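Go ahead and model the full structure; you've got the sequences and the hints to work with.
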Amino acid sequence: MGDALLFATMCLVGLPVEVQVKDGSVYSGIFYTARFDKGFGIVLKKARMIQKGKCSANLDKETLVETLVVLSGDLVQVVAKVGHSTRPFPC
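Here the sequence shown stands for residues -16 to -1, 1 to 75, numbered as in mature numbering (1 follows the signal peptide of the UniProt record, and there is no 0).
Calculated directly from the structure, the hints in this document are not laboratory data. Please read these numbers as outputs of a predicted model, since none were measured by experiment. Careful, some of the hints might be misleading.
The calculated lysine-lysine pairs, modelled on DSS-like cross-linking and capped at a C-alpha distance of 27 angstroms, are [claimed, not checked]:
(1) K6 with K22
(2) K45 with K65
(3) K65 with K38
(4) K6 with K30
(5) K30 with K45
(6) K6 with K65
(7) K36 with K65
(8) K45 with K29
(9) K6 with K38
(10) K6 with K36
(11) K29 with K65
(12) K65 with K30
(13) K29 with K6
(14) K6 with K45
Below is the structure:
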């Protein structure tokens, strides 16, 4: 893994993000941590499905999930939702 990806990932910790997975579902939550060995996976806290994809998920849209783990094989993209706020961007 490159230093730039590691740095960018660390800057996301604690920020609200949206995560798209392979079936097209999109989850919103707080970026908690990432896994760098055996691929790139992430963990969200206080996650909710905000867009349902093609596959049937075992949770309903808008159901709060305390901890959501997205493995590298399912991950399509992570979008940070950084806008105007009182908290400055950490990096």
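Verification of the supplied hints:
no., hint, result
1, K6 with K22, "18 angstroms, holds"
2, K45 with K65, "20 angstroms, holds"
3, K65 with K38, "24 angstroms, holds"
4, K6 with K30, "21 angstroms, holds"
5, K30 with K45, "13 angstroms, holds"
6, K6 with K65, "20 angstroms, holds"
7, K36 with K65, "19 angstroms, holds"
8, K45 with K29, "16 angstroms, holds"
9, K6 with K38, "9 angstroms, holds"
10, K6 with K36, "11 angstroms, holds"
11, K29 with K65, "15 angstroms, holds"
12, K65 with K30, "15 angstroms, holds"
13, K29 with K6, "20 angstroms, holds"
14, K6 with K45, "17 angstroms, holds"
Every hint from the earlier list agrees with this structure, and none is contradicted.
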